[in-house]
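Protein chains: 2
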Amino acid sequence: MKLPLVPLLLAAACLTAAAQETDTSGVYAPVAGNLLRTGLGRLGAYRMLEELTSRAGHRLSGSAGADTALVLAKAWMEERGFSNVHFEHIMVPRWERGKTEKARLEIPGKRSVPLSVCALGGSVATPSGGLNAGVIEVKSFGELESLGSAAAGKILFFNRPMDPTLLNTFEAYSGAVDQRSRGAIQGAKAGALAVLVRSMTLVIDAVPHTGAMGYQDGVKKIPAAALSTKDAEMLSALLHRGLLLRVRLTLSCRTLPDVPSANVMGEITGTLNPGEVIVIGGHLDAWDKGTGAHDDGSGCVQAVEALDLIRTLGLKPARTIRAVMFMNEENGLRGGRGYVTDALRHGERHTAMIESDAGGFAPRGFSVDAGNPVRAAVGQWKSILELVNAGRLFSGGSGVDISPMVATGVPGFGVAPENHRYFDYHHSDKDRIDKVNPRELEMGAIAEALLAYMIAQEGLPAGTAPSSR
Amino acid sequence: MKLPLVPLLLAAACLTAAAQETDTSGVYAPVAGNLLRTGLGRLGAYRMLEELTSRAGHRLSGSAGADTALVLAKAWMEERGFSNVHFEHIMVPRWERGKTEKARLEIPGKRSVPLSVCALGGSVATPSGGLNAGVIEVKSFGELESLGSAAAGKILFFNRPMDPTLLNTFEAYSGAVDQRSRGAIQGAKAGALAVLVRSMTLVIDAVPHTGAMGYQDGVKKIPAAALSTKDAEMLSALLHRGLLLRVRLTLSCRTLPDVPSANVMGEITGTLNPGEVIVIGGHLDAWDKGTGAHDDGSGCVQAVEALDLIRTLGLKPARTIRAVMFMNEENGLRGGRGYVTDALRHGERHTAMIESDAGGFAPRGFSVDAGNPVRAAVGQWKSILELVNAGRLFSGGSGVDISPMVATGVPGFGVAPENHRYFDYHHSDKDRIDKVNPRELEMGAIAEALLAYMIAQEGLPAGTAPSSR
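Residue numbers (our numbering), protein chains in the order written: chain A, 1 to 469; chain B, 1001 to 1469.
Excised from the complex, chain A in its bound form (with noise of 0.2 Å):
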């Protein structure tokens, strides 16, 4: 394109729809001008995320790096004179990778090939020579429990690819991720010594994503390891040659007791009902594979530059608006929970919860879990919101942080960012900065510091429940 071309985003946000806008006091299409302008002109979130992804790197929760991102998260709050900047204390699960983790794929007759695997987060580990077995390939639980005994002393390779033909990537994703966080479960009732489960990715290439599983008390624990889209095509493909493979697996993970660690937050206080509380969050922990740049790097920096975005703007908001980094979300929600317990302590009234997990892309708008009230009128509110690009509305998935708040009948809104490209880097190692646009990057903190400011001023309805998810 050579012309300057300008189509008029912000005049003509429709052409049509009748205007639902409730901006009776004229207040809040200015603050959304004045948000755009200065987070725009600073790109203040990208700064702390290459900060956060260089200095704590990968930080699962009772890391090293976990420490440092919950030091430089106080120190950024602080920096920028944020009130009543604390750790809050939990106690973590802490997994670790450990220093092996391979596979090989022995085809009779030929020499064998690696396998880019990786330890799913939460795997028990191999033997330490590693656990030789033939392989022998389902894609589904349905299809596993049809084979009866025929997994027994197998290493079973779940193969069912999220489905790429749904627009929603979370949608594909929550369509194939049972395999991941039950295979083992499932694999060790069917008498498998180990689960393989494909990642969980639209694209095919050699990176192995981990993520979350888990097992069941009375049932044996397997090892389980993730193994990449290319490599699970190619073993399925020789699979269905008839070819009669082994796999040799060797994981070296290992959980370790409980250590201390912590959500940390800061707020700016209301001027005429501090008591009730606004959050904006994301989940500091990150899996340790890349840097968790998008998952969740992006949502904490987004929810602190939010809040420095208000004060920095000068606006005083009437309720108390609360940046907070949720501590193990990956694989305990030992932060989410732990946050509820202290809200009930501190006699806090929670007004809204928001999160930002579903990576540092445009936002497009904001999944709402609340009832209709709280629908209603934050529908009032979306001509507004669509000065910023994020006027559509979705229902429930707010985020995994809040909904322990959620459920107690807090309204929960999660940011809805473009998701196309979420799941290429998701839990992997190409979960890294370079993946993220700092324009993009700060259009979400530019949206929850817009919709965070307009529930501190305006409230919600008293919240039926929300509704089920």
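It is possible that some hints are incorrect.
Stated by the list, open to error - Here are the computed distance ranges between Cβ atoms for each label pair:
hint: 1; chain 1: B; residue 1: 1204; chain 2: A; residue 2: 175; range: 40 to 46 Å
hint: 2; chain 1: B; residue 1: 1083; chain 2: A; residue 2: 206; range: 39 to 45 Å
hint: 3; chain 1: B; residue 1: 1204; chain 2: A; residue 2: 67; range: 29 to 35 Å
hint: 4; chain 1: B; residue 1: 1030; chain 2: A; residue 2: 145; range: 33 to 39 Å
hint: 5; chain 1: B; residue 1: 1220; chain 2: A; residue 2: 81; range: 53 to 59 Å
hint: 6; chain 1: A; residue 1: 112; chain 2: B; residue 2: 1259; range: 54 to 60 Å
hint: 7; chain 1: B; residue 1: 1241; chain 2: A; residue 2: 47; range: 22 to 28 Å
To be clear, the hints were calculated from the coordinates, so they are not data collected in a lab. Quick caveat, the model's predicted, so the values are computed rather than measured. All C-beta atoms, glycine included, are put in the ideal place defined by N, C-alpha and C.
Please arrange chain B on chain A, whose structure you already have, making use of the hints.
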């Protein structure tokens, strides 16, 4: 993010907005669903883009790359069984960069340092040994005028950045690009020997961005080059220290006589009104930096893919839908103008012109260049278009290639994608396929297919002239 959180994008496009749907027949929502499933399942646009960028490479009008692109595009359309596949011959300008483009900054008492420059498209060469002169910086034509004769005999350095605080990067581009397009004219009038123009991008890096520049009859033609933003910042900082800097600039570019070229097109002929045509298009030419993956390889492959999606789904449009790959958008618009002549000669009635030329990013909606009756009609389709994430309608800026047809009163539509990243790559060596996400690219094709099909079935109100741009 760990748990399967599924914002129900499709089920709950709007929580509160009253339904504005006119899908009274219930046809288009299923079409949207089928387009998504088929398109996202096969990612056909990306396959073509891989072929175009690897085989044709860069493809400025009149180059061998442009010829390869024409042959490729015609083959795609024939392979897919489109009707009436043909070249529409035009003559195009031919400008060549030549082998040499370099600049060195001479700092008193120090070694000279190289500057990252590239000739602007259409520039004349410097003398073969280069041109050596002092440098003077301005940020606007107004500032240049206020300098009086100070620019005479100098290399004039235009250094007004794109405004990063604007949400719409096209608006930021539009606010800075006069320096590139008319800088050499204004510079020559002020007696400058050459112009250096800060690259049109929001990123600070070492990559220069080319683009079209113009001369004016009766005004001396002086050489013009783009300077990387990083070097622009450095040069400006040194000038502000009061150093008497000189630059040696050497460009070997030249303009050759016009050569034959073509637009290429193919169609699905309408079943009821074959003489009424909806065009989906992009431009096949691209600047000779990078491989024009976003600008506008994306728009071309999306047009072919959109038409092929309609064919694949077995849809039989009532009006003709035609994919057109225009030639020479970047430096002449001969293709867009030639198309008008040809349409007139054939006595065709054009119902709508749709272009994608703002990058292969995820679309948010469409820019509309049309009178109010058309805007109102398309406004009725917002909730259907929202099913493919393209429900926002903006004013103006539909596309350069289609602008000559739009000027005759035909409604124009431009795919309006997320645009934060566009100018990071635009007209530079960075505009390559690794910057394109296959799903985001496909979404543009899906959105175009849906809009084109709805227009083909429903028609549009008799146009008043488009609103002024």
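Tested hints:
1. 1204/B x 175/A: 40 to 46 Å: 42 Å Cβ-Cβ, so the 40 to 46 Å window holds.
2. 1083/B x 206/A: 39 to 45 Å: Holds, at about 43 Å.
3. 1204/B x 67/A: 29 to 35 Å: With a Cβ separation near 33 Å, residue 1204/B and residue 67/A satisfy 29 to 35 Å, so the hint holds.
4. 1030/B x 145/A: 33 to 39 Å: Holds, since residue 1030/B and residue 145/A (Cβ atoms, about 34 Å apart) stay within the stated range.
5. 1220/B x 81/A: 53 to 59 Å: holds, 57 Å
6. 112/A x 1259/B: 54 to 60 Å: For residue 112/A and residue 1259/B the Cβ distance comes to about 58 Å; the hint holds.
7. 1241/B x 47/A: 22 to 28 Å: holds, 26 Å
Taken one by one, the earlier hints all hold for this structure without exception.
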